[in-house]
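Under this note's numbering, the first residue of the sequence shown is numbered 16, with each subsequent residue one higher.
Keep in mind the hints are simulated off the structure, nothing from the lab. Possibly wrong hints are sitting among the right ones.
Claimed, not checked - So the derived label-pair ranges between C-beta atoms look like this: (1) Asp132 <-> Arg204: 24 to 32 Å; (2) Gln34 <-> Arg116: 28 to 36 Å; (3) Gln34 <-> Pro188: 24 to 32 Å; (4) Ser31 <-> His177: 20 to 28 Å.
It should be emphasised that the depicted structure is a prediction, and the values quoted were computed from it without experimental measurement. Glycine residues also receive a C-beta, built at the ideal position from the N, C-alpha and C atoms.
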Amino acid sequence: MPNARKYTEGALVEQSFHQMDWVRLRIAQAHSVHIKERGGDNAAAQYNIPKSHLKKPGPAEGDLCGGLTTIKAREVRKGKSSLPLPVWAFDDSRIVRAVNRLPSEQRRWVRYAYTADYSWDDESGAVADLWQAIADQFASLRDDSLQKVRGMVYLCLQDYKHLRTTGKPAHRPERIRLLTGVPEGNWRRDWLPRWRLMQDAIKAIDNAALASILEVAGDRRLDD
16 MPNARKYTEG
26 ALVEQSFHQM
36 DWVRLRIAQA
46 HSVHIKERGG
56 DNAAAQYNIP
66 KSHLKKPGPA
76 EGDLCGGLTT
86 IKAREVRKGK
96 SSLPLPVWAF
106 DDSRIVRAVN
116 RLPSEQRRWV
126 RYAYTADYSW
136 DDESGAVADL
146 WQAIADQFAS
156 LRDDSLQKVR
166 GMVYLCLQDY
176 KHLRTTGKPA
186 HRPERIRLLT
196 GVPEGNWRRD
206 WLPRWRLMQD
216 AIKAIDNAAL
226 ASILEVAGDR
236 RLDD
């Protein structure tokens with residue numbers, strides 16, 4: 016039975032891993048076609064719909080520019096809209112609204128990590144949020160060491176984003192040491208544990224955000 020239990024736990028971990036990857040993909044897809052209005056969740060959603068997704072217009076109707084047309088839509092009743100929107104347009108809108116409703120530290124991280132239209136406020140805010148999450152654990156460090164740790168925060172954020180979107184880290188240890196001025200001699204003893212602590216903190220933010228979005232989007236799979 017211990018082996019069976021271990022196998023079951025491993026299967027659950029793998030399933031959860033694939034679910035989180037699916038959520039990351041859906042976030043990227045939703046934001047790649049969705050132009051978000053900042054006015055609030057009830058604002059109309061704008062979509063740039065590829066020409067191939069629309070019925071071919073007649074000569075008098077078709078004033079398409081560059082193969083794209085912009086259509087404004089608001090989800091009222093699913094399946095009742097007369098607009099030529101694809102089914103996935105409403106699902107995308109639900110994903111974007113779910114991201115916008117996340118707590119600020121989760122929202123900034125998700126937008127920075129998984130969307131192409133993130134702002135500087137998202138990026139700099141994600142750095143500040145990560146530092147706030149871990150700062151107390153470095154309160155006893157000397158000023159010079161503290162500055163090195165602060166320099167590692169942005170690198171860790173870049174690294175975790177790259178790891179989750181490409182499967183590979185963005186920075187190797189030698190590059191981290193070069194950019195932060197950390198001596199090679201005490202990297203493993205002092206600085207690698209600090210780096211891993213940062214990774215754990217951003218992982219916790221990431222997991223919490225994706226779990227919330229999965230509750231909204233989890234019943235809509237790509238192959239539905």
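Comparing the hints with the structure gives:
Taking the beta carbon of each, Asp132 and Arg204 are about 41 Å apart, not inside 24 to 32 Å as hinted. With their beta carbons about 20 Å apart, Gln34 and Arg116 fall outside the hinted range of 28 to 36 Å. A hinted range of 24 to 32 Å holds for the C-beta pair Gln34 and Pro188, which are about 31 Å apart. Under the hint 20 to 28 Å, the C-beta atoms of Ser31 and His177, about 21 Å apart, fit the expected range.
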